[in-house]
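Letter by letter, the chains look like this.
2 protein chains.
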Amino acid sequence: MEKTLNIPDTKEPRVVIVGGGFGGVSIAKELVERNDFQIVLLDRQNYHTFQPLLYQVSTSSLEPESIAYPLRKIVKKGKNTFFRMANVLNVNTDSKEVETNIGTITYDYLVIATGARTNFFGNRTIEQNAMRMKSVPQALKLRSLMLENLEQAVITPDREKRKELLNFVIVGAGPTGVELAGGLAEMRSGVLPRDYPDMDFREMRIHIIESADRVLPPMSPKASENAEKFLRKLGVEIHLNTMVTNYEDNIVATNTDLELQSATFVWSAGVTGSPLPGFTEEAVIPRANRYKVNEFNQVESFDDVFAIGDIALMKTEDYERGHPMVAQPAIQQGKHLAKNLLAKHNGKAMKPFKYFDKGSMATIGRNKAVVDIGKLKFGGFLAWFVWMFIHLIFLVGFRNKIITLFNWVYSYINFDKASRLIITPFKAKEYKNVV
Amino acid sequence: MEKTLNIPDTKEPRVVIVGGGFGGVSIAKELVERNDFQIVLLDRQNYHTFQPLLYQVSTSSLEPESIAYPLRKIVKKGKNTFFRMANVLNVNTDSKEVETNIGTITYDYLVIATGARTNFFGNRTIEQNAMRMKSVPQALKLRSLMLENLEQAVITPDREKRKELLNFVIVGAGPTGVELAGGLAEMRSGVLPRDYPDMDFREMRIHIIESADRVLPPMSPKASENAEKFLRKLGVEIHLNTMVTNYEDNIVATNTDLELQSATFVWSAGVTGSPLPGFTEEAVIPRANRYKVNEFNQVESFDDVFAIGDIALMKTEDYERGHPMVAQPAIQQGKHLAKNLLAKHNGKAMKPFKYFDKGSMATIGRNKAVVDIGKLKFGGFLAWFVWMFIHLIFLVGFRNKIITLFNWVYSYINFDKASRLIITPFKAKEYKNVV
Chain A
1 MEKTLNIPDT KEPRVVIVGG GFGGVSIAKE LVERNDFQIV LLDRQNYHTF
51 QPLLYQVSTS SLEPESIAYP LRKIVKKGKN TFFRMANVLN VNTDSKEVET
101 NIGTITYDYL VIATGARTNF FGNRTIEQNA MRMKSVPQAL KLRSLMLENL
151 EQAVITPDRE KRKELLNFVI VGAGPTGVEL AGGLAEMRSG VLPRDYPDMD
201 FREMRIHIIE SADRVLPPMS PKASENAEKF LRKLGVEIHL NTMVTNYEDN
251 IVATNTDLEL QSATFVWSAG VTGSPLPGFT EEAVIPRANR YKVNEFNQVE
301 SFDDVFAIGD IALMKTEDYE RGHPMVAQPA IQQGKHLAKN LLAKHNGKAM
351 KPFKYFDKGS MATIGRNKAV VDIGKLKFGG FLAWFVWMFI HLIFLVGFRN
401 KIITLFNWVY SYINFDKASR LIITPFKAKE YKNVV
Chain B
1 MEKTLNIPDT KEPRVVIVGG GFGGVSIAKE LVERNDFQIV LLDRQNYHTF
51 QPLLYQVSTS SLEPESIAYP LRKIVKKGKN TFFRMANVLN VNTDSKEVET
101 NIGTITYDYL VIATGARTNF FGNRTIEQNA MRMKSVPQAL KLRSLMLENL
151 EQAVITPDRE KRKELLNFVI VGAGPTGVEL AGGLAEMRSG VLPRDYPDMD
201 FREMRIHIIE SADRVLPPMS PKASENAEKF LRKLGVEIHL NTMVTNYEDN
251 IVATNTDLEL QSATFVWSAG VTGSPLPGFT EEAVIPRANR YKVNEFNQVE
301 SFDDVFAIGD IALMKTEDYE RGHPMVAQPA IQQGKHLAKN LLAKHNGKAM
351 KPFKYFDKGS MATIGRNKAV VDIGKLKFGG FLAWFVWMFI HLIFLVGFRN
401 KIITLFNWVY SYINFDKASR LIITPFKAKE YKNVV
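So the sequences go chain by chain: A and B.
Numbering-wise, my numbering puts 357 at position 357 of the first sequence, and it's gapless, one number per residue.
Numbering-wise, my numbering puts 382 at position 382 of the second sequence, and it's gapless, one number per residue.
No lab work stands behind these hints, which were simulated from the structure alone.
Computed from a predicted structure; not experimentally measured.
Careful, some of the hints might be misleading.
Which copy is meant is left open, because identical chains are indistinguishable; a pair holds if it fits in one copy or across any two.
Cut-off 30 Å, straight-line C-alpha distance, at most; resulting in silico cross-link-like pairs (DSS-like, lysine-lysine) [claimed, not checked]:
hint, residue 1, residue 2
1, K96, K222
2, K222, K3
3, K233, K77
4, K222, K161
5, K401, K11
6, K358, K377
7, K79, K3
8, K401, K163
9, K161, K401
10, K3, K344
11, K233, K348
12, K163, K77
13, K161, K79
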C-alpha cells in the first residue's frame, strides 16, 4: 500500500512544522486560526511535553498527564490545519519534500523545530547505561528505576550492595541536574523514611558531578553560590571540576580520584541539536548539530527553510554562540517567525528577531530557588514562589495548571509525593533505549 | 547471594497477606495500627489499583496516578508492618512458608487475597491477541492502542482498512464492558470529531458482544433494559446471544454469522481466580480456580490459611455459588477477617461472615447509569450521580478523590478527555503480555 500523510492540497501555501516542542507549538498557535497557510504539524509523539517539569515526574511529584498536552488540541482550532504522528526520515530541499515513516509531503515553507537531545559527547558506554530525562517515557523510566532500587535496597542485607542501590549520581549541575538533586533530597528527608521505616536513610546519598567550577554554570555567580548552599543544606554531595569518564557495571569513573558505585546514574550533562537528515555542513553546524540561521530564522542558503528554538543557532552581537537552549528563545522565535511568514506571504519585509531575556531560574527542593532577571538576582523563598508562579503560567492548558497547582499544594502541606508508582509493564532496567 | 525478604522475627505472630487489592488493603488497614500481629503485605506492584475506574484510564478520562495508591502509604501507619514487592512462587503449608522471587518467609497466619485475572476459557489465540483491562499497564496499553489506531486511520485512504482500524470490539457486557463501550461512545461524539476534523466518525463503530441474552447479566432485568437503551442511544451496536470463538489477523469470529474486522479487540468476558501454587484440589476448586473457604474465610482443611475477596469461594444459603467477584465482598471479608484473627489470637470464637449487599451499578457515558440497591432499581441522571458519588467515596486517598473529581467536572463542562496521550515507550501493538 502506498504510504501517504493523507493531507489535501489547498490553494494556501503549506507550512510544514516538524516538532511539537515549545518552538513548534508557539508558531502553530499563532498560525492555526488564520487562513493564510495550510499548517501541517508533525511530531513523533501525539503530545507536547513541558520539559522544565520532567524532573517532577521522575521524583514522583507530578503525573505525566499534567505536563503533557495533546497536540491535536492545539491544531484543531484551525480549519486548514493538520497534525500527523510521524518520524521524519529525510528532507529533500530540491523537491521541497519531507519524507516520513508514514509517507512523503511537500512544503512551501518548512519550519524545523526538532529541539535537542541528550549529549553524551561520543561516549557510547555511558549512552547505553545512563538514564536520561528529555521525554516523558524517559522520566517515567527513571521514576520506576529509582523506586525499584529502593525496593531492592530494603531486601539487601549486604551493606556494599545496598549502598550501591542507594547511591544516586547525577551528572551535570545545570537546571535539570540541580532540580532533580533537590527533588531527590526532598524525597529522602520527607517521604522515604516514612515509607521505609526499616531502612537507614543516612545510607542514601545524592551526588551531583559537574565539570565546571560551580553549579548552574549558565546562571549568575550569585545564583550558583546560593544554589550550592541550598544543595549542601539538603545534604547533596557536590563534586565540581570533575568529569565523568565512564559508567559501566554500576561503577562511575571520573578524571579525578572520585569513583562511585551507583545503580541509578542520570546523565544531564548537556544537550545537542537533533537536526533532520538531508542538509549539508553549510546548513548544519558540525559538533553543535544546530542549523545555522540568519536573523529571520532562515537556514543558511535557504529561502523557504526555517529553524527555531534549540535546533537553531543564530549568532547575534549579544549572543555570539547563539541563544541559550531553553524554552524562551524557542517560544519567542516561534511567535516571531509566524509574523515573518505572514509578512513574506504578503510581500512585505521580514523583521529581524530580537531575543528578550526574561531571566532564568532553578528550584532546589522545598521553599528554595534562585532567580536571575536582568540585574536582579535573588534566592530563597521569594525566588521559589516566583519559580512556581512562572512555571504554572507557562504550563500549557488550564486543566494542567490546576492539577499541577493542586499537586504542589498537597505535597507541600503533607510532605508527600503521590505518584511514587512503578507503572511500567516491565522492570525499568530491562527496557533500553527509551526515546 | 542468599535471597531474603529481610523481615525481623518479632514475638508477635506473623500475618502474611498476599495481594494489595480491595481485600488485602482492607484487612491490612484494620490490622496495621494494632500491635497484636506482625503484618507483611506482599504484592507484585507497589500500588493498590482501583479497578472499577480502569476503563477511565483506557478512555483517556483519568491519569493512572488518580486510581492507584502506594501500598507503602497504607502499611507505614503501623510499627510492626512491612511491605515487599514480590511474586509469590509457591506456598508450603507443611512448613508454613511462602516462597517468593525475593526469598522465603514463614507465616503464622496466611491471608490469600490474590484476586482474579481475565478468563479466556482456554482459548490461547484470543489470549494472545486480545487487549485486557485488569491492571494499570493493561489499561494504559489499551489507551495507547486506541489512539495509535486513530492516528493510523487518519492516514489510511483504503476504506476497508480504515474501517478495521475504527471498529472497536468489546467482548462481554458486564460492568467493565458496558462502561468501556459507554466511555468510547462518549469520546466518539464529544472529543474525537474535533480532534480529527478530517475524519468521518460515522465510520467508527463500537460493538459489544455478549453470550447471555441481555447486557449486565449480573444485574436486574430492569438495569439490563435501561443499560441497553442507553447504549443504543449512544450508538453502541449490541450483539446478544453471541459467543466469540476466535480473534486472529484482526478478524473476530463468532458462533453466529456475525464476523467483524477489528484492530482493537478487548476481552472482558469473564474472570477466574489466580490461586497460589502449592494447594491441592481439595482447597482450590478446579475450573473456578478459587479457594474453597468456610464461613470464617478459612481455606478448606486449614486452620491458619485464609482467603478473601475474588479468590475465595464461600458457599452460603444466599450465595450458593459464592459471592459476586466485585469489590464489596473483598472489602467486607477483609474487615471481618481482621476481627476474626484478633478473636482467634485472644482465644475467642471467630464469627461467621455475613455479606451485606450494598447493591451494584454501572455507568453508561455522560449523565446515564443504572443502579440496583436491594429492591430499589433505577437508571438515568440520578443513578449517574449516585455512581459518581459512591466511586469517589471508595477511591483510596484524599488526593485521588480531589483530582478525579476535578477531572470529571472539567471533562463534563468541556466535553474533553485530557489524558489522550500515547506515553508508552514502544508502540502498543509491539509489546505483548502486559501483566
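Hint-by-hint comparison with the structure:
Taking identical chains as interchangeable, the C-alpha atoms of K96 and K222 are never at most 30 Å apart, the minima being 49 Å within one chain and 63 Å between chains. For a Cα distance limit of 30 Å, the shortest separation of K222 from K3 qualifies neither inside one copy, at 55 Å, nor across copies, at 50 Å. Taking the closest pair of Cα atoms, K233 and K77 come within 30 Å of each other only across two copies (29 Å); inside a single copy the shortest separation is 48 Å, beyond that limit. For the identical chains of this complex, K222 and K161 are neighbours neither inside a copy (39 Å) nor across copies (61 Å), given an alpha-carbon limit of 30 Å.
With identical chains, the CA atoms of K401 and K11 are never at most 30 Å apart, being 38 Å at best within one copy and 50 Å at best between copies. In this homomeric assembly, K358 and K377 come within 30 Å of each other (Cα to Cα) only inside a single copy, at 12 Å, whereas the closest approach across copies is 61 Å. Taking identical chains as interchangeable, the C-alpha atoms of K79 and K3 lie at most 30 Å apart only when both belong to the same chain, with a minimum of 24 Å there against 62 Å between chains. Proximity of K401 and K163 under a CA criterion of 30 Å is satisfied in neither setting, with 38 Å inside one chain copy and 37 Å between copies.
Taking CA atoms no more than 30 Å apart as the test, K161 paired with K401 passes in neither setting, with 41 Å inside one copy and 39 Å between copies. Proximity of K3 to K344 under the C-alpha cut-off of 30 Å is found in neither arrangement, the shortest distances being 32 Å within a copy and 69 Å between copies. Taking the shortest alpha-carbon separations for K233 and K348, neither the intra-copy value of 56 Å nor the inter-copy value of 54 Å comes in at or below 30 Å. Proximity of K163 to K77 under the C-alpha cut-off of 30 Å is restricted to the inter-copy arrangement: shortest distance 26 Å between copies versus 53 Å within a copy.
For the identical chains of this complex, K161 and K79 are inter-copy neighbours only, at 26 Å across copies versus 59 Å inside a copy, given an alpha-carbon limit of 30 Å.
In summary, the structure is inconsistent with hints 1, 2, 4, 5, 8, 9, 10 and 11 from the numbered list given earlier, while agreeing with the others.
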